[in-house]
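Make a model of the complete structure from these sequences and hints.
In the order they appear, the protein sequences are chains A and B. Sequence positions in the first sequence follow UniProt numbering and run 1 to 522. Sequence positions in the second sequence follow UniProt numbering and run 1 to 359.
In silico BS3-like links for lysine-lysine, alpha-carbon gap of 27 Å or less:
id	chain 1	residue 1	chain 2	residue 2
1	B	K276	A	K397
2	A	K347	B	K222
3	A	K61	B	K333
4	A	K331	A	K284
5	A	K287	B	K222
6	B	K329	A	K31
7	A	K61	B	K329
8	B	K222	A	K331
9	A	K397	B	K222
10	A	K397	B	K213
11	B	K132	A	K287
12	A	K337	B	K222
13	B	K276	A	K393
Hint data in this document are derived by calculation from the structure and do not stem from the laboratory.
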Amino acid sequence: MYNYKDMDDEYKRKNATVFLKNVSMTFGHNKALDSVDLAIMPGEIHGLLGQNGCGKSTLIKILSGFNHPDSGSKLYINGNKIKLPLDPDMISKYGLSFVHQDLGLVSSLSVLENLRMEHLFQSGAKINWKKERAEAKAILEKYGIDVNIDDNIETLNQVDKAMISIVRAVESILSRNDGKGLLVLDEPTVFLALDEVNMLFRLVREIAAGGIGVLFVSHDLDEVMTITDIVTVLRDGVNCGEAVTSETSKDGVIEMILGQKLTAFERDSSNYRYAVHPDAIYFKNIKGEVLRGVDFSVNPGEIVGVTGLEGSGFGEIPYVICGENELQDGKMVISHKTVDLGKYDMKQAIEDNIALIPADRPNQGGIQTLRVEENVMMQVHKFYHPLMLQSGKMREKAEELNVQYSVTPNDVRLNFSQLSGGNQQKVILAKWLQEPPVLLILHEPTQGVDVGARQQIYKHIDQIVKRGAAVLCASSDYEQLVQICDRVIIFSRGRIVDTLSGPEITKERIVQLCYNSAAVQQ
Amino acid sequence: MKEEIDVNKNKSPRLKTSVGGAGSFIQKYSVIIAWVVVIAAFTIGSGDLFFNFNTLSLITGTRSVVVILALAIMIPLTAGDYDMSSGFTMTLANMITVFLAVEMGWNVWQSAIIAILVGLLVGAVNGIFVVKIGIDPFIVTMGVGTFLAGVTLWISNKTLSGTELAPLQHVSIGKLFNIQYIFFYCFILMLILWYIFEHTSAGKKILFIGHGKEVARLSGIKVGKVRWICLMASSTLSAFAGVMYSGVTGSARSGSCNDFMMPAFAAAFLGSTFIKPGRFNPVGTFIAVYFLETGIRGLSLLGFSTYVQNLFYGAALVLAVALSAIMKKRSLKADKAKKIAALAADDACSQGENVPDKA
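Pasting the structure below:
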């Protein structure tokens, strides 16, 4: 159905929802985008892929009017030539609508107010609430979203929030331009569990079927392969190819992204056999908000994954163990010492050589407004006299760590916020792994981290395991679990449903267990 | 061998030019440059009247109490908390010292120690509400401060003074090289705080908390405890400022707080715009106090009357905060631009690096 070879520029210019032609953007000496062409046709779901820093976000920011591209760049919307840079105030008039990761909803306001926000701003002196309510109800019904319009956004689950944000964007397009326009979805699925992603995808397909073009940006290749009709891959600011999704494979796309075949990091687990180690760390009767008393253990030198669907309780485990959950309870045996988790806190956990790498990187992982050297040297009292810190020595140490963990750009005086997601995560690893921990706890360790940096992070985790650390990895990235774990424990409704080990660990098996257990218990 | 390639790549000083440079030099020393300009302007404007030892001893004398107060509030500010009770604590300590020594006939040193202990207690109470109950420190310290103002008035609503304060006066306004002792106390206090913030892990912990409470907590820092200690340090130092004020003026007056709170906050915020831009810092705060005092002194010599003090400090506080907010915005913008540029540069030369060798 997609015969791209037959579409010449002339055809694209006249018919595409959005056609970017010869778009370049230069920052200083760096070309973030170099003569990129991109056409999104009406009714098409178009994936935009590439590693962190490939120019994806630069391109999207041109569409949102934030970035001013170099002269010579051209933009056509629905056959009309549009002047660049785009005026941010005019974007919705052109039929461009954006849904970003944060969704842009006001959580303390109702569904009604969020959904009709644009109209409420524009309506005259008196708001016709009766009409607004009717409209809002009609919209929710149209897309089959089952929420009460008077509920506050904060009371909704993540997928309903995402759907409301998307529907609002679509309605904004439909109210103008005879329903022609472009919906840009910028990593909208990051916070969703798998079944929720599927619900969202049904909605997106429905929207595209109505003739709206969709630009879908995501790190998750599986999602991109599932939802898109065609993918465009950017590499180093250059459009390095388009492919019809149904005619290509995941490996093919990875190859396009990297410009070469991916040699994925592989652990040798072929002769792995599970046996309890004398120095194993035990968890007994672990309880949290969802967890209802689970027992498991982690051996030194072993990576244990914990996973499940959203709300199954696996995500609580890192925080329960470190005393960061209000309802925490249970016992842990670490280094042959029994601790009561009900009275445990992070300080004690650090004294017991536990390292925690949380999922919420911007708020809990690193301090955005402080320098890289300060972030990496936060545990400084372990290495220096607390009353005689020497900034010169600390900087040297930080620089050494930066090189060891290949953090780029290699300048420890940059603010943490100036690094990309992958490099931020490397800094956090460097911070915690200066002394090998007894137990390393990871929560979604590669969320928002590009394919290349992921492999480097796995390599560092592997090194620490070889030195005898026990690793507990709470993750909803099944592929990651398959790639790095010796055992995977699957949770459902606060309980353990099964444990896979060694060669039994496959993505299919994990998915099956996650969903079946959920279905059985319902 | 692979590792080596990565290392070399990392050593390229790609972005180093972004740190340093003329712009950041001016930013780093902006207030000092402005100070020199102001001194020059007043010297030209009023001649001998301004540029003399009299001015120097005035600026470094009486008003040095502001330095102590500004350094006091800077500590909880670094941890992200406002201490609005500091000025009231200072007035109370001032009143207690003078009241006990003059009206009750206590030894002046005992009176001073009691005053400082009361300061410590105020900080402890602030801490209970802020840390244990979890109320916004701004509200708590405002309330506690107002309460303290009531206590001060209750003790006495008159201006108290007496010869019993002589020993205290001697140690605070005695002179070395024609400069009052109190200036040197301020200087030493500034050095101590500088050392704590630069070279001790306690100081780093305060900084981490102020910039990222969650990260600090997950790094094993007892956030509540440290915030509490900061509030106690602030009120204790404020009480010390009150004791010094008793020595400097030889009297106590219940309404004196207003003359010091705003200057102290103005100086702390202005201090955060230079030396270490974006961070509250003792050296910046110290210099900012004297910069602002120079301005006031010069203006009053040019014939402006007392109202100018309120105009000046009010404006200075808002401008200082505005300045630091603008700087933050600009650096965030620059951060973003640099990040994009860095990513672009990164990609251009890091192909292959991303793919680890299969062992």
